[in-house]
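Visitor: What follows is each chain in one-letter form.
Number of protein chains: 2
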Amino acid sequence: MNLKAEFLECQKEKVKEIEGILKDFLPEETGYQKIIMEAMEYSLMAGGKRLRPMLMKETYLLFSGGEKRREDKVLHAFMAAQEMIHTYSLVHDDLPAMDNDDYRRGRKTAHVVFGEDMGILAGDALLNYAFETAAQAFDLLPEESGLIGRALKILSRKAGIYGMIGGQVIDVKKTGEAVPIEVLDTIYELKTAALIESSMMIGAVLGGASDAETEAVEKIAKNVGLAFQIQDDILDVTGSEEALGKPIRSDEKNEKTTYVTVYGVDRAKEIVEEMSREAAAMLRELPGDHTYLEQLFLQLIYREK
Amino acid sequence: MNLKAEFLECQKEKVKEIEGILKDFLPEETGYQKIIMEAMEYSLMAGGKRLRPMLMKETYLLFSGGEKRREDKVLHAFMAAQEMIHTYSLVHDDLPAMDNDDYRRGRKTAHVVFGEDMGILAGDALLNYAFETAAQAFDLLPEESGLIGRALKILSRKAGIYGMIGGQVIDVKKTGEAVPIEVLDTIYELKTAALIESSMMIGAVLGGASDAETEAVEKIAKNVGLAFQIQDDILDVTGSEEALGKPIRSDEKNEKTTYVTVYGVDRAKEIVEEMSREAAAMLRELPGDHTYLEQLFLQLIYREK
Chain A
1 MNLKAEFLEC QKEKVKEIEG ILKDFLPEET GYQKIIMEAM EYSLMAGGKR LRPMLMKETY
61 LLFSGGEKRR EDKVLHAFMA AQEMIHTYSL VHDDLPAMDN DDYRRGRKTA HVVFGEDMGI
121 LAGDALLNYA FETAAQAFDL LPEESGLIGR ALKILSRKAG IYGMIGGQVI DVKKTGEAVP
181 IEVLDTIYEL KTAALIESSM MIGAVLGGAS DAETEAVEKI AKNVGLAFQI QDDILDVTGS
241 EEALGKPIRS DEKNEKTTYV TVYGVDRAKE IVEEMSREAA AMLRELPGDH TYLEQLFLQL
301 IYREK
Chain B
1 MNLKAEFLEC QKEKVKEIEG ILKDFLPEET GYQKIIMEAM EYSLMAGGKR LRPMLMKETY
61 LLFSGGEKRR EDKVLHAFMA AQEMIHTYSL VHDDLPAMDN DDYRRGRKTA HVVFGEDMGI
121 LAGDALLNYA FETAAQAFDL LPEESGLIGR ALKILSRKAG IYGMIGGQVI DVKKTGEAVP
181 IEVLDTIYEL KTAALIESSM MIGAVLGGAS DAETEAVEKI AKNVGLAFQI QDDILDVTGS
241 EEALGKPIRS DEKNEKTTYV TVYGVDRAKE IVEEMSREAA AMLRELPGDH TYLEQLFLQL
301 IYREK
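Quick note, the sequences are listed as chains A and B, same order. Sequential numbering of the first sequence, starting at 1, is according to the numbering used here. Sequential numbering of the second sequence, starting at 1, is according to the numbering used here.
In short, the hints are calculated from the structure, not lab data. A couple of the hints might just be wrong.
The list makes no distinction among identical chains, and a pair is therefore deemed to hold if it is satisfied within one copy or across any two copies.
[As the list claims (entries may be wrong)] With a cut-off of at most 30 Å between alpha-carbon atoms, the simulated DSS-like pairs for lysine-lysine come out as follows: (1) K16 <-> K253; (2) K34 <-> K173; (3) K14 <-> K174; (4) K68 <-> K305; (5) K16 <-> K269; (6) K269 <-> K12; (7) K108 <-> K4; (8) K174 <-> K34; (9) K23 <-> K173; (10) K174 <-> K23; (11) K108 <-> K173; (12) K108 <-> K174; (13) K173 <-> K219; (14) K253 <-> K4; (15) K256 <-> K68; (16) K256 <-> K34; (17) K219 <-> K269.
Whenever a hint applies, use it, and build me the whole structure from the sequences.
Guide: Written as structure tokens, this is what we have:
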């Protein structure tokens, strides 16, 4: 098996493990309100790369030394919480008053299956349950309440108005409008990078990283998030409709400002290269074995779809 | 001044104080995503009885001895968080796909003023910011992280699928359908009583109540919440349109199951009386001065509008 095939095999195993953890933290489908638990499961178990919980765990392993530890169960609660937050944002994003999407990853979206009212409530339920799940950690390891509190603070801040929701708001408001590069950077930072940052930062905190190390992790994650998003801009011009599974050159058609419209394809590619090299260099400064994490970064940044 | 006038004067003062606390915890209106902060403030500062933060504080005072304490600032963060959760539920409840209300307390609802997409995002932002606000408590008083963790667990659970959202789901699904009394009780418990329970329980926990005392507080709050909701059923039949500011006999018209349709007005009144007497008796078992809290219960339960 070559290196890439080995990485993909390993990634598949890790995704399977994460999906097991997600299932463990889903609520039992019972009571008169059972339908909302079904809608939560439908949305959470819809597949995907499980990127955020994976980044959280891999970062945790860097600092925890890779051994089984008492903190592992707390980590699992936060991995599930983070994926619930990511999922709720997709459920609300797909609503008729937002992007009005009937399909996601080839499956009908939650509001199409369960009705628009249940779509709104399922998103609310997932967001609330994310914090309920993370708060379970206080029972799992009460003597580490301070550490859990720090992780909770990161989880909530990066998902909110200074993070993901903030980016979503600007993106919705600026749709179809040319924006200056500072605004574009803010959208990318908040909408895409913020949850990648919190995933890796929470992993670091729970794994026992120092404040300085957690800050370094935040910078790495920001670079990865931005490079990921700029690669998206590039693929819209250089990608194939077949690989992407969606029409290309849509940004141009919608007169959207992107890194490609501002800098051109070649310079945009250089920027991705710089950001990704910087992230890899910073990663190598951290303790632990970062082989898998570095490959994951490369896969994310230099993807063709 | 008679007793009732004195109580009302005192209540007015307390509402003013709570609104000051809410304003303190609102985010600064700044950045490219400023509009979402404006929508949050518009919804949170729309008036109202501020019942939940008030119950939280009054319960806290029972156990804390009424003196200024270090925990006060933590309490304020949770008071604001609880009112944000209550407010987000109203914002989402008013959306076109839910109750489709254009006005609340004589003011245009958030989605009418800011657009439906911002209505969804403002609700999300308030729910997320509630946890962000509560999580500030870990910085305010790190040595009490265990206590804050317990309060956060109550806050999230009672607002979620086993609390308010759960009640909302059943209510939406059973609209226009006759329901058995067990389902009706579950709706009232979850949709109305759950946030009253968490408000009082968090006050108790932060004030230093024991587990047994916190359980007693939960029972009191449940009785108050249920009695409040049954009184609503009674007023729909016995109230005046003038005092209520809405048409009466709407439950009958909508063929809704209520305590009045199941038990009749007289028995429903007796049930309210029993629940309220039981709550007052349990309250008197708790430490501290409960004069104001008892009057507040009576005002809530025996209201005419």
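Visitor: Which earlier hints turn out false for this structure, listed by number in ascending order?
Guide: 1, 3, 4, 5, 7, 14 and 15
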